[in-house]
Amino acid sequence: MTTPKSPVTLDPLKRPGPPIGFGTMVTFIIGVLFFGSLAAIGFTPDRLIEVPAGVARVLSFFWPADMAYGWDRVLPAIVESIQIAWIGTIIAAILSLPLALFGSRVLFPRLARGVKLISATARAFPEILLAIYFVPIVGLGPFAGALAIGISSVGMLTKLGAEVVDSLDFGAVEAVEAAGGSRLLALRWAVLPAVLPEIVAHWLFRFELNIRASAVLGVVGAGGVGGVLLNTLRYRHFDKAAAVLILTILVVLLIDTLSGEIRRRIIRS
Amino acid sequence: MIPARPTRNWPLWIGVLGVLAAMTVWSAYGIGFSASELACNIAGGTRLIEESWPPDFGFLPRLAAPMLETVYIAIIGTVVGGILAIPVAVLAARNLTPNRPTWFVDRNFMNILRTLPDLFWAMLFATAVGFGPVAGALALTVFTVAVISKLYSESLESIDMGLPETIRAVGGSWLQMIQYGALSQAMQQYVSYALYAFELNIRASVVLGLVGAGGIGMILETQRANFEYERVTMIILAVLVAVLIIEEISESIRKRLT
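These protein sequence lines are chains A and B, in that order. All the letters of the first sequence, read from the start, carry residue numbers 1 to 269 under our numbering. All the letters of the second sequence, read from the start, carry residue numbers 1 to 258 under our numbering.
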């Protein structure tokens with residue numbers, strides 16, 4: 001009698017899998033794309049050698065930083081960037097709160113689809129492209145920047161807010177409705193108090209992102225510190241550019257730390 | 001029994017709301033926010049919309065080359081930045097870093113990289129190596145390191161330390177521990193962060209051209225400066241379509257991986 005042959009033969013010394021591994025294939029594709037791209041933009045090896053020298057040469061002009069210029073000109077511009085980010089975040093918060101509540105897939109299945117469309121469209125536009133349109137409408141300056149930041153933040157805040165609402169335990173909603181309250185009353189008394197802390201934390205996080213976004217809006221004339229940096233670099237005042245960089249780094253670090261601390265406390269309480 | 005209505009700490013509430021209101025008024029004043037101005041300029045807005053619609057489709061063929069350049073810049077930035085981000089992330093992970101001073105220095109380095117927005121890097125590199133896509137690729141490299149290293153170091157901090165400790169216990173070196181014990185565990189997160197960074201880079205490389213760092217933004221800047229708003233609309237539409245396609249591709253890759 002012969003023992004039936006096992007349907008699978010296992011060689012203990014050989015790893016199972018296709019002859020060319022998935023990893024090798026992916027590495028190969030990425031490699032081809034990468035070197036193709038390098039060639040296409042003219043990043044040749046001799047160019048590669050030039051780059052560190054060029055960067056080092058320009059960096060050497062950055063020191064010493066012209067801090068007098070920093071305090072006189074750069075700091076007001078950074079403050080303007082912060083104001084742009086703040087107003088933009090306020091606009092976005094006001095617009096996105098109702099959208100987030102009505103964007104809940106559990107509470108308003110039909111409305112939610114429309115809300116999702118609005119938020120996806122708003123998220124697709126980088127703020128700087130919106131600023132390009134707002135500058136001719138309301139004129140050069142920080143107001144255009146604040147509007148651009150506000151509109152482009154609505155998308156993300158709506159999406160995150162709706163997710164917070166959907167992750168809720170809906171017992172309280174059912175309780176309000178069982179006691180005879182309407183959907184809207186349930187929203188006010190059962191949903192809003194439960195989701196507000198987390199939503200406010202998202203607003204603060206978006207404020208941090210918006211400070212970076214508003215810092216670059218000056219490039220298209222929408223106010224803030226970006227225009228100052230562009231001008232100092234364009235006219236090769238590297239010591240002044242260094243002041244812009246140092247102050248921006250310090251202020252952003254400070255605000256990130258503060259806002260992160262506040263967010264942690266809001267979430268904990 | 002009905003539980004008592006929770007009481008509020010009214011002085012604290014009024015204080016917080018007061019500070020928020022004061023900041024809002026101060027900011028609104030500072031940036032010259034005015035609803036009446038907005039209302040007045042709605043007319044200008046409708047004129048702008050008329051001018052920028054319909055998009056100039058005849059302009060589309062001239063967008064192909066700069067659009068490709070945008071994608072090239074994003075690929076280079078993601079690949080180089082993604083590789084450089086690995087050591088930065090490992091040294092910044094509290095459980096893997098060899099010693100505390102290294103951790104401290106690397107962590108602060110990472111945070112400082114993160115404070116500067118992508119366009120600032122683009123301006124710096126455009127000044128240092130000249131206008132063009134090379135500056136854009138370098139800027140996105142730094143930006144990618146900043147994005148991936150932060151996220152990846154957090155993933156590394158939450159891995160199961162059993163495997164790395166075993167490797168150390170049987171005599172593996174620190175590098176072997178990192179390679180076989182730590183990186184392999186967080187591989188999936190790394191790939192998904194890299195894809196996320198690639199999406200961000202495509203978006204970012206659209207605007208890099210505004211400061212002369214190559215890609216489709218350079219055309220956008222010239223058409224904007226000439227008030228050719230029908231062409232600006234065309235460019236922005238093309239960008240949106242490209243971004244959506246890239247996101248769709250990277251989403252499908254991400255799904256296949258998990």
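Any given hint could be a false lead.
As the list claims (entries may be wrong) - Partial list, computed: chain A residues near chain B (C-beta under 10 Å): (1) Ser-37; (2) Gly-42; (3) Arg-47; (4) Gly-54; (5) Pro-136; (6) Leu-147; (7) Lys-159; (8) Leu-160; (9) Val-164; (10) Ala-213; (11) Val-216; (12) Phe-238; (13) Leu-253.
FYI, nobody ran anything at the bench for these hints, they're computed from the structure. All residues carry an ideal CB built from backbone N, CA and C; glycine is no exception.
Results for each hint:
Evaluation of the Ser-37 of chain A hint against chain B yields a held restraint, the C-beta minimum of about 4 Å falling below 10 Å. Annotation: Gly-42 of chain A was flagged as interfacial toward chain B, and the flag holds, the nearest CB pair being 7 Å apart, inside 10 Å. For Arg-47 of chain A, the shortest C-beta to C-beta distance to chain B is roughly 6 Å, which falls under 10 Å, so the interface hint holds. At about 5 Å, the closest approach between the beta carbon of Gly-54 of chain A and any beta carbon in chain B falls short of 10 Å, and the interface hint on this residue holds.
Taking 10 Å as the C-beta contact cut-off toward chain B, the hint placing Pro-136 of chain A at the interface holds, the least distance being around 5 Å. Given hint, Leu-147 of chain A at the interface with chain B, holds; its Cβ is 8 Å from that chain's nearest Cβ, closer than 10 Å. With 10 Å as the threshold, the beta carbon of Lys-159 of chain A stays out of range of chain B, its nearest partner Cβ sitting at about 14 Å, so the hint is violated. The criterion of a C-beta within 10 Å of any C-beta in chain B is not met by Leu-160 of chain A, whose closest approach is roughly 16 Å, and the hint is violated.
For Val-164 of chain A, the shortest C-beta to C-beta distance to chain B is roughly 20 Å, which exceeds 10 Å, and the interface hint is violated. The criterion of a C-beta within 10 Å of any C-beta in chain B is met by Ala-213 of chain A, whose closest approach is roughly 7 Å, and the hint holds. A least Cβ separation of about 4 Å between Val-216 of chain A and chain B falls short of the 10 Å threshold, and the interface hint therefore holds. Below 10 Å, beta-carbon pairs count as interface contacts, and Phe-238 of chain A has one with chain B at about 8 Å; its hint therefore holds.
Interface hint status for Leu-253 of chain A: upheld, as the beta-carbon distance to the closest one in chain B is roughly 6 Å, under 10 Å.
Consistency with the previously given hints fails for numbers 7, 8 and 9, ordered from lowest to highest.
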